[in-house]
Amino acid sequence: MTDTAAANTGSQTRSIVVEEVFPHAPELVWKVLTDGELITRVLMPPSGFAPVPGTQFTFRTKPAGRWDGTIQCQVLEVVPCEKLVYSWKGGHADNIGYGSLLDTIVTWSLSPAADGATRLRLEHGGFELPRNETAFTTMSGGWKTVVPRIAPLLDEFD
Amino acid sequence: MIQDEHVNTIMRALADPTRRKVYERIATTEEITVAELTRGSGVTQGAVSQHLKTLRLAGLVAERPEGRNVYYRAEPQGLAPLAGWMSHYDAFWRERFGKIRDILKEIDT
Chain A
1 MTDTAAANTG SQTRSIVVEE VFPHAPELVW KVLTDGELIT RVLMPPSGFA
51 PVPGTQFTFR TKPAGRWDGT IQCQVLEVVP CEKLVYSWKG GHADNIGYGS
101 LLDTIVTWSL SPAADGATRL RLEHGGFELP RNETAFTTMS GGWKTVVPRI
151 APLLDEFD
Chain B
1 MIQDEHVNTI MRALADPTRR KVYERIATTE EITVAELTRG SGVTQGAVSQ
51 HLKTLRLAGL VAERPEGRNV YYRAEPQGLA PLAGWMSHYD AFWRERFGKI
101 RDILKEIDT
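Protein chains in written order, with our numbering: chain A, 1 to 158; chain B, 1 to 109.
What the hints contain is simulated information worked out from the structure, not anything from laboratory work.
Incorrect hints may have been included.
[As the list claims (entries may be wrong)] Listed next, the in silico SDA-like pairs over lysine to any residue satisfying Cα-Cα at most 25 Å (straight line):
1) Lys99/B / Leu33/A
2) Lys31/A / Ile107/B
3) Lys21/B / Gln45/B
4) Lys99/B / Leu28/A
5) Lys83/A / Val17/A
6) Lys89/A / Thr34/A
7) Lys99/B / Pro51/A
8) Lys31/A / Ala47/B
9) Lys31/A / Asp68/A
10) Lys89/A / Glu123/A
11) Lys99/B / Gly65/A
12) Lys62/A / Arg12/B
13) Lys99/B / Val85/A
14) Lys89/A / Lys21/B
15) Lys105/B / Phe49/A
16) Lys99/B / Asp94/A
17) Lys31/A / Leu101/A
18) Lys105/B / Lys62/A
19) Lys31/A / Lys21/B
20) Lys83/A / Ala91/B
21) Lys62/A / Glu106/B
22) Lys83/A / Phe97/B
23) Lys83/A / Lys62/A
24) Lys105/B / Arg41/A
25) Lys99/B / Arg66/A
26) Lys105/B / Asp35/A
27) Lys105/B / Pro53/A
28) Lys62/A / Lys21/B
29) Lys99/B / Ile105/A
30) Lys89/A / Trp108/A
31) Lys99/B / Val17/A
32) Lys105/B / Met44/A
33) Lys21/B / Ala47/B
34) Lys62/A / Ile105/A
35) Lys89/A / Ala114/A
36) Lys89/A / Ala80/B
[Unchecked claim] Residues from chain B that face chain A, not an exhaustive set, calculated with beta carbons under 8 Å:
37) Leu57
38) Asp90
39) Asp108
These figures come from a predicted structure and were not determined experimentally.
Note that the Cβ used here is the ideal one computed from N, Cα and C, for glycine as well.
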């Protein structure tokens with residue numbers, strides 16, 4: 001498995017890429033990505049999913065602050081046994097870190113590998129860098145920016 | 001998710017106003033001792049030491065013992081886990097690929 005966390009698209013956003021060759025047929029890998037019950041086991045229980053472009057569906061995950069934990073998705077592209085693309089949105093602008101605003105795209109690509117195996121590639125793209133990335137580096141005085149920003153959220157942790 | 005817990009640990013460490021002041025003071029110096037941190041802080045050296053322990057466990061500060069003194073400095077990347085979703089999903093997807101592997105093994109008969 002290869003994992004390129006900092007793979008970039010050349011723009012202001014970044015992608016996560018995870019890739020692995022599975023010794024199984026593409027049809028089977030496709031099933032794992034598109035069968036409601038199997039998606040539940042791989043990710044979370046989807047609500048309303050169908051491998052049909054335009055379909056809107058949701059996942060429920062752990063809430064954070066003013067975000068109720070709903071991930072809103074919409075199927076954008078379907079090429080059976082080859083490609084599945086959906087949007088992946090959630091979060092709230094008041095949160096930082098986990099639960100912050102999220103507007104991303106998940107792309108699953110399947111391609112044949114040797115001996116009937118399947119290469120599965122996930123690209124989760126569209127992550128916006130924090131407005132000022134250095135804000136998170138203590139040495140550049142980032143604490144001055146970060147600590148006041150999170151201070152209002154800290155009450156929950158008392 | 002491990003990442004969430006780390007974020008929570010950092011948030012909890014900074015939630016206490018006194019501890020936050022201690023952290024801010026460390027962040028503005030190269031290195032500083034407990035005695036120096038205690039001076040003018042309005043709390044006892046024992047309390048400062050407790051706060052330092054919490055900050056250290058949250059990955060916000062590092063310590064360096066030298067002779068009878070222990071010097072504290074801010075971890076440069078200490079606040080990085082607050083940076084966003086990316087580290088969260090990086091761990092998430094890698095873990096999910098493991099599940100895909102297991103499920104494929106199970107359903108391929």
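Worksheet item: Under the criterion that the straight-line Cα-Cα distance not exceed 25 Å, is the pair Lys99/B, Asp94/A satisfied?
Response: violated (32 Å)
Worksheet entry | Hint consistency between Lys105/B and Lys62/A [alpha-carbon to alpha-carbon, up to 25 Å] | violated (29 Å)
Fill in: Pair hint Lys99/B and Leu28/A, alpha-carbon separation not exceeding 25 Å
holds (14 Å)
Fill in: Agreement of Lys105/B and Asp35/A with the hint, judged by alpha carbon distance not exceeding 25 Å
Judged against 25 Å, a Cα distance of about 16 Å means the pair holds.
Worksheet item: Does Lys105/B pair with Met44/A here, judged by a C-alpha cut-off of 25 Å?
Response: holds (20 Å)
Worksheet item: If you draw a straight line from the CA of Lys21/B to the CA of Ala47/B, is it 25 Å or shorter?
Response: holds (13 Å)
Worksheet item: If you draw a straight line from the CA of Lys105/B to the CA of Arg41/A, is it 25 Å or shorter?
Response: Measuring from Cα to Cα gives roughly 14 Å; hence the hint holds.
Discussion item. Does the closest beta carbon of chain A sit nearer than 8 Å to the beta carbon of Leu57/B?
Written reply: Hint violated; Leu57/B Cβ to chain A Cβ min 15 Å, cut 8 Å.
Discussion item. Please verify whether Lys83/A and Lys62/A have alpha carbons no more than 25 Å apart.
Written reply: violated (28 Å)
Practice prompt. Would you mind confirming whether the straight-line C-alpha gap from Lys89/A to Thr34/A stays at or under 25 Å?
Written response: With Cα atoms ~19 Å apart, Lys89/A and Thr34/A stay inside 25 Å; holds.
Worksheet item: When you check the alpha-carbon spacing of Lys89/A and Lys21/B, does it fall within 25 Å?
Response: violated (36 Å)
Item to complete: Take the C-alpha atoms of Lys62/A and Arg12/B, compute the straight-line distance between them, and say whether it is at most 25 Å.
Response: With a Cα-Cα distance of about 18 Å, the restraint between Lys62/A and Arg12/B holds, given a limit of 25 Å.
Hints 8, 9, 11, 14, 16, 17, 18, 19, 21, 23, 25, 27, 28, 35 and 37 from the earlier list are contradicted by this structure; the remaining hints agree with it.
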